[in-house]
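This is what each chain is made of:
2 protein chains.
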Amino acid sequence: MYDLLSGLSIIEASSFVASPTAGLYCAQLGAEVIRVDHKAGGLDYDRYMLTAEGRSLSWENLNRAKKSVALDLQSDEGRELLVELARATGQLITNLPVNSFLSHAAVAAGRPDLVSVRIMGWHDGRQAMDFTVNAASGYPLMTGPAEWDPVSAPPVNQLLPAWDFITGAYCAFALLAGLRHRDATGQGKELRVPLGDVAIGTVANSGAMAEMLYRGSDRERLGNAIWGAFGRDFVSGDGQRFMVAALTAKQWSALVGAFGVADEVAAVERRTGVSFATSDHHRFTHREALFALFQSAAGGIDYADLAARLTRAGATFERYRTMHEAANDPELVANNPLFGPSPANPSGFAYPAARSFANVPDEPAGDPRAAPYLGEHSEEVLSQRLGLSSGAIAALIDKGVVATSDKDKP
Amino acid sequence: MYDLLSGLSIIEASSFVASPTAGLYCAQLGAEVIRVDHKAGGLDYDRYMLTAEGRSLSWENLNRAKKSVALDLQSDEGRELLVELARATGQLITNLPVNSFLSHAAVAAGRPDLVSVRIMGWHDGRQAMDFTVNAASGYPLMTGPAEWDPVSAPPVNQLLPAWDFITGAYCAFALLAGLRHRDATGQGKELRVPLGDVAIGTVANSGAMAEMLYRGSDRERLGNAIWGAFGRDFVSGDGQRFMVAALTAKQWSALVGAFGVADEVAAVERRTGVSFATSDHHRFTHREALFALFQSAAGGIDYADLAARLTRAGATFERYRTMHEAANDPELVANNPLFGPSPANPSGFAYPAARSFANVPDEPAGDPRAAPYLGEHSEEVLSQRLGLSSGAIAALIDKGVVATSDKDKP
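Residue numbers (the working numbering), protein chains in the order written: chain A, 1 to 410; chain B, 1001 to 1410.
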């Protein structure tokens, strides 16, 4: 683990995906991230997939390298301990509601320079999750086979909870931006990041919103074709599916060479009177003719041969894998320095563990760390952060306000 | 615009989506982000959609609030100016190759405490784009209608360039983490973020990689159903499609109440011997029976009525919109404080412009700013950052090493 954020402690009061992801990224770069949960586990504690023993593989990956404190968050005393912890550290990531006991104002009452990042649903307070903001974004009704009838075609949801992950990364950024501002000015700050705004704001940032308004209508459904450039999935002679993309002159000439279709492409150029060498626009406009001749060429070559040619030519391509294949692919996982050896996961199941996406060349990355057991660090954190004596902590445990490690839960 | 990052200057040598997004997020929070491009425009300068005048709506949204410097980056002199700008600011975001003229080592030779963030394709140097890492991730072969034949079903690409946007947000975070470390230690740092690692690493972080390895096989294709919980798209009596999600007891009871299916759900519970009230697992396992009775109820109610009921009950749901509908939806755009009035965009086309995803309650957000014309700030930046005289800059312009605003380009 790199130590870029060492010395920084963050309280994360969190569930589901976006908010834990923000904490995960900070923890993977060396911050002390203390996730505080209700003693029975947060709303995401049983999130699929569960092992036979009932341990969530989702939870143990989204909460790697964090500490865990378990409190009775339905009691005033447990809530007050969480507020005190947020005050003691001065940094908070949460998806609890704006007006909950963990509002910025409530915590900042005892810590004026608090920097908090709060993930919301929609900006107006309406509830939302990745699945629902995605429905609003417009993407599901643009997704799917090009031949589907535009009027009756169903929406196709993306499986990746992309809005959650973008929001998570953005919130990690927003937290550090808030801290940078505090370092410069001494001022605290509340930063609110609505999941719905990340979705519709990304539609805007990508240019797609302007596109819709400029055109005055929706984009046609393109299947797997790339909008405004050359790229699509093809099938090799031995039935392997792969994606190619050519958004630069270099990528295009590499593709044409590797597929061995220079003559056929030149014939299309003569027929249409355009040159494909340097124009995304022409390659996109005449995509159907080009797709047909690329597929015709691909259909006559086995994938191994084609992949070798594409690699030699410097083309940009990738074979589709099922996710099970991807998880077992040495190139992606076992031989990828992103992954390290399995730590002792709460599930007891051992598998390669991801490090931070960012790597520092020539610096040892260290081994990935495990997620905590729920409540594993309750005593340590209450002692170190709030200065509670072991007697006081024991009394809180007896009262059921504080829970310790659930390692031996049935 | 909030001023959280004011005082911070960043050189962005960048193209496509991920790298400009990292700069955009910093610019929207007050950093001075200077995008340096080849004088004819970067590889993304003509990225779709183009207006009738040939201005890219994609480019002008991904580069809002930045400054633009245009140099002949095919000449040694232009490249040296870019290196000098990176040295002068000390912060660099780029997707140029590791061993290019803009390598960390080359820039750091004159600025030892440089913090650079470099977006790569795959960790091993292979080229990649969002489209191709997505093929490797496994998601496209899990996406699409549940009734498709698992063996012959085609991949379905997600249209959102999610890996680019996650990478962009992560790189903005990584840059600030590097700066925080430099503030503490005085040390510079190169942070490399491979797009491919963001993809396979997100598969891991989500728990899906562990899921595949634990199960030893792929997940079944679920269509629009949520994995491991209750949720799917339904169609109202008047043909409106909407998504619902229930991952908590509260969300579930709200849904059951709003759909008016309490008796039918109780009947399924009696028949199956399970209780749905508090179990994602049971709701997921018996989803087909539940989906059928929810759809049956929805099919008898008009959407307006159903939406009112769902809102009253506090359910989590959202109507599917086409993207053109979304762009024109007052709730999402016109009445959403995320968006501000149109600045003078390079395209000349006026439309609502997005602010930062993060908002600070009770603090004026200011108006969104326009993207620059290519080269609009060449003279200003070369003068301010490198101390070049107006005569020296004029000479560089005459030589074709520096270009000025392309506002009046044909």
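Keep in mind the hints are simulated off the structure, nothing from the lab.
One should not assume that every hint holds.
To be verified - Calculated lysine to any residue pairs in the SDA-like style (CA-CA distance at most 25 angstroms, straight line):
| hint | chain 1 | residue 1 | chain 2 | residue 2 |
| --- | --- | --- | --- | --- |
| 1 | A | Lys250 | B | Gly1125 |
| 2 | A | Lys409 | B | Tyr1214 |
| 3 | A | Lys409 | B | Gly1125 |
Just so we're clear, the structure is a prediction, and the values are computed from it rather than from any experiment.
Structure-based check of each hint:
For the given pair, A/Lys250 sits about 16 angstroms from B/Gly1125 by alpha-carbon distance, which is consistent with the 25 angstroms threshold. For the hint pairing A/Lys409 with B/Tyr1214, the CA-to-CA distance comes to about 21 angstroms; that is within 25 angstroms, so the pair holds. Between A/Lys409 and B/Gly1125 the CA atoms are separated by roughly 45 angstroms; this puts the pair beyond 25 angstroms, and the hint is violated.
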